[in-house]
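Chemist: Residues per chain are reported as follows:
There are 2 protein chains.
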Amino acid sequence: MNGWSKRLVRLLPVNHHGLETDLYELTMAAAYFDNKESFEATFELFVRNYPKNRSYLVAAGLEQAINYLTQLRFTEPEITFLKEHPNFRNASNAFFQYLSNFKFTGELWALPEGTIFFRTEPIIRVTAPIIEAQIAETYLLSVINYETLIATKASRIVRSAREKGVVEFGSRRAHGPEAALLAARASYIGGCIGTSNVLAGYLYNIPTYGTMAHSFIMSYDSEEEAFEKFCRVIPEPAFLVDTYDSIEGIKKVIAIGQTPNMIRLDSGNRLKLSREARKMLDRAGFKETRIFVSGDLNEYILNDLTSKNAPIDFFGVGTELVTSRDDPALPGIYKLVSLTRDGKDVYRAKTSEGKMTLPGPKQIYRKFNLKKQIREDILALQDERIPPGARPLLLKVLENGSLVKELPEIDEIREFAKQELKALPSRFLRLRGSEEPPLKLSAKLQRVARSMWSKRGARSRG
Amino acid sequence: MNGWSKRLVRLLPVNHHGLETDLYELTMAAAYFDNKESFEATFELFVRNYPKNRSYLVAAGLEQAINYLTQLRFTEPEITFLKEHPNFRNASNAFFQYLSNFKFTGELWALPEGTIFFRTEPIIRVTAPIIEAQIAETYLLSVINYETLIATKASRIVRSAREKGVVEFGSRRAHGPEAALLAARASYIGGCIGTSNVLAGYLYNIPTYGTMAHSFIMSYDSEEEAFEKFCRVIPEPAFLVDTYDSIEGIKKVIAIGQTPNMIRLDSGNRLKLSREARKMLDRAGFKETRIFVSGDLNEYILNDLTSKNAPIDFFGVGTELVTSRDDPALPGIYKLVSLTRDGKDVYRAKTSEGKMTLPGPKQIYRKFNLKKQIREDILALQDERIPPGARPLLLKVLENGSLVKELPEIDEIREFAKQELKALPSRFLRLRGSEEPPLKLSAKLQRVARSMWSKRGARSRG
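If you read the protein sequences in the order shown, they are chains A and B.
Heads up, the numbering used here is the position in the first sequence plus 58, with the first residue counted as 1.
Heads up, the numbering used here is the position in the second sequence plus 58, with the first residue counted as 1.
Note that these hints are calculated values from the structure, not bench results.
Glycine is no exception: its CB is placed at the ideal position from the N, C-alpha and C atoms.
One thing to keep in mind: the hints can contain errors.
[As the list claims (entries may be wrong)] Every beta carbon over 10 Å from chain A, so not counted as near; a handful from chain B, in silico: (1) Arg336; (2) Asn361; (3) Leu479; (4) Glu493.
[Stated by the list, open to error] Quick list of in silico lysine to any residue cross-link-like pairs, SDA-like style, CA-CA up to 20 Å: (5) Lys402/B x Glu283/A; (6) Lys94/B x Glu283/A; (7) Lys413/B x Tyr278/A; (8) Lys94/B x Tyr278/A; (9) Lys287/A x Phe97/B; (10) Lys287/B x Gln316/B; (11) Lys287/A x Phe91/B; (12) Lys141/B x Arg290/A; (13) Lys513/B x Glu283/A; (14) Lys402/B x Tyr278/A; (15) Lys141/B x Pro293/A; (16) Lys287/A x Phe154/B; (17) Lys502/B x Glu434/B; (18) Lys94/B x Glu286/A; (19) Lys413/B x Asp354/A; (20) Lys110/B x Asp354/A; (21) Lys480/B x Glu434/B; (22) Lys310/A x Ser410/B; (23) Lys222/A x Met320/A.
Here chain A stands alone, though its shape is the one from the complex:
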């Protein structure tokens, strides 16, 4: 991932409002400000537990996180809203003045998008004056949780499709129009060949696919008429054949007499129908006509179809992909790991039962075996010596609130994710069950963590 290419950061079609956060981030900001605290804080975003049946994750959402951090501002109407909010009735005018000049000035370290990683490993690390790092929490979690969830789901689906192309088709079932865009982007990173979402194509430079819906067929008196009228205008369409009866529909496509580019099956028994369709097309001499299948597909169904050698060339996957339906939330959390007070670094950890966290700013070092596969990751404190032969995974992205390297193009991210997956031992790629992460804590990190966890309510100084 040395090739962070030269281009401008692409924008989400959303203005970055300071208010796009949880209220408690702002009440804490007021409390810190009016208590004149000048803490510098480090937060890490990580996943404590995998979603169901996952043994690895694909990092995504960093570009949106960076857009947010570099653009985050408070407008005057937003500040007026806060002034009138009962929680801020004791806050000083200086605090509101501070908000009106607000700008993120901190440092961001992150896994490049497309990185394969494991639970417990930080995806991003933010170091900034505590108010800045705190206000950003909600937005950072929402984009990184969601895009990582979907890139991971896409990775599973694409693998189950084996060599066949998978198109993301789920905008209508995504959690609103912006989720549809983010899902298209994350799915492409995870290995899909494109999306049905045109705006995602436009904003993110992702290939877009799609031809006709059932309603088009239903608008004409016969399927023949619909197919014929469509071909007059749209080159190389995928003929949707199941509006009334799939087999009859295929006969009508064949009757057109010219090699059809593609047919699409959207209902019924896809294994049986694809085999029947292939036979009918081959018999008619249309060996090049490809078969596209869609409708309530997921990695488990795709795996079943491909393992039975169903003659399918492309898959369209919607709802199951964009909602990560079998487990629709990545439980990423954003935790304080260190604080600089009066010039001293102090490590921090949560010690409450079942919710303990690892103290201190950390780095992940990855070691590979001779086959270039992941041997192990070592989670260490950032100031430890680099283990020999290991690659550090977290890279510095923002310094003083500004980009230190240009971000990669989406195709580079997608290719990087593909290469990353090749380095993953096959036991992590199973569709069911969950594998222990190949992760060790450094001796120093273990020592510091144990000492903090053993003194509940106390804290160790790093």
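Dock chain B against the given chain A, drawing on the hints supplied.
Modeler: Relative to chain A, chain B alone:
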């Protein structure tokens, strides 16, 4: 719902791009346009099957749908993008000219937000020149599917909380920042008392809640110091007591000596801890201190806690609510039901196996019993006679692309949903299982549908 109040339509912080749709909507548009078709079409959006364990739905998302339809435009860069797309290489210049002047000019009928409805019943009905109605499909589905999914989930959660207030807390796990906003809005419609999302408060006029996170406590050397500093600035805070140990945390809140407004428990056994906390607070004389509980809650857990009379005053519900975790997709579909060609109305239906649809533009008529509870709904063709004593549920919202009535305030919608729920017989309110909808098809609709379904591939003329 006669009180559609006077105010401007509130905007989502998103510009309505014409490209915010699936590619096939636009290829069909080109095919219709260049074939010089002047069909007027009617589409209905409905749900074929409920999400798991649901027996009713709460309509939401109409305000966003209306904002979209009234603002939908294509910018010049968007049109340039389409001109360069391979699918449009045969499309005429006149088509691109048409897009640059595009405006939705049709009619919209809809269930007012907050309406309780059942599967098979149309949530909205769009009548417009077919290209306009078709392009809108993807966006309409995504906002109505998602907000209805969440309003319904919130309704279940709020009911399980009995008289206790539920705050929506899930922004960080929503499917991106816009999903967080839509979830906050839909949750409020479904009965939550507010949200943690400040922008949702600002944009939609929803009460916002929140005080401190664990990181605030961890920034100080002791919980006492953190509590004390926080109180200096923020009035009536909820003290978060579980950073290190919940019981020790409660002791420290009590030690402050002034009646605390509220404590928050975010981990551990909530039933046991809330009972212990209540005892400790009461013993200290703080009978007015309220207990707020959060952390991986859902309707099933809430029902368990409230049925055991856990002394909890407020619940914060996040991930489970904003992702509708037990079933994260509402499978709404948008189907062509009728077409006007050469001045004649022609009904349309899909007849493919397992995906049959009901033909013709429809209206829902609701009948009530003497206790003012729903007796039955009758789904009839729109041009049928109104059954005596029945209330038509779909109302006209847009005519010639413009609002015909002002939209209600969010508090009116929320109150309406609450009244609607009172009219729902208790068998529909169970948390588990799925009840048959109290729905009958009119004799005429049955006749027309049967005749179309029996002739596969044929169509009836209405």
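Chemist: Does each hint fit the structure? Answer for all of them.
Modeler: Right, here's what the structure says about each hint:
1. Arg336: Holds, because the least Cβ-Cβ distance between Arg336/B and chain A comes to about 20 Å, which exceeds 10 Å.
2. Asn361: 21 Å, holds
3. Leu479: 24 Å, holds
4. Glu493: Consistent with the label, Glu493/B stays out of reach of chain A, its closest Cβ about 24 Å off (over 10 Å).
5. Lys402/B x Glu283/A: 19 Å, holds
6. Lys94/B x Glu283/A: Between Lys94/B and Glu283/A the Cα gap is close to 14 Å, so the pair holds against 20 Å.
7. Lys413/B x Tyr278/A: Since the Cα atoms of Lys413/B and Tyr278/A sit roughly 19 Å apart, the hinted pair holds (cutoff 20 Å).
8. Lys94/B x Tyr278/A: Given pair Lys94/B, Tyr278/A holds - Cα atoms ~13 Å apart, limit 20 Å.
9. Lys287/A x Phe97/B: Distance ~14 Å between Lys287/A and Phe97/B Cα, so the pair holds.
10. Lys287/B x Gln316/B: 14 Å, holds
11. Lys287/A x Phe91/B: Distance ~11 Å between Lys287/A and Phe91/B Cα, so the pair holds.
12. Lys141/B x Arg290/A: 17 Å, holds
13. Lys513/B x Glu283/A: Cα-Cα ~18 Å, so holds.
14. Lys402/B x Tyr278/A: 13 Å, holds
15. Lys141/B x Pro293/A: 14 Å, holds
16. Lys287/A x Phe154/B: At roughly 19 Å apart (the allowed maximum being 20 Å), Phe154/B and Lys287/A satisfy the hint.
17. Lys502/B x Glu434/B: 17 Å, holds
18. Lys94/B x Glu286/A: 14 Å, holds
19. Lys413/B x Asp354/A: 13 Å, holds
20. Lys110/B x Asp354/A: Satisfied, since the Cα-Cα distance of roughly 16 Å is no more than 20 Å.
21. Lys480/B x Glu434/B: 15 Å, holds
22. Lys310/A x Ser410/B: Judged against 20 Å, a Cα distance of about 16 Å means the pair holds.
23. Lys222/A x Met320/A: Given that 20 Å is the threshold and the Cα spacing comes to 14 Å, the pair holds.
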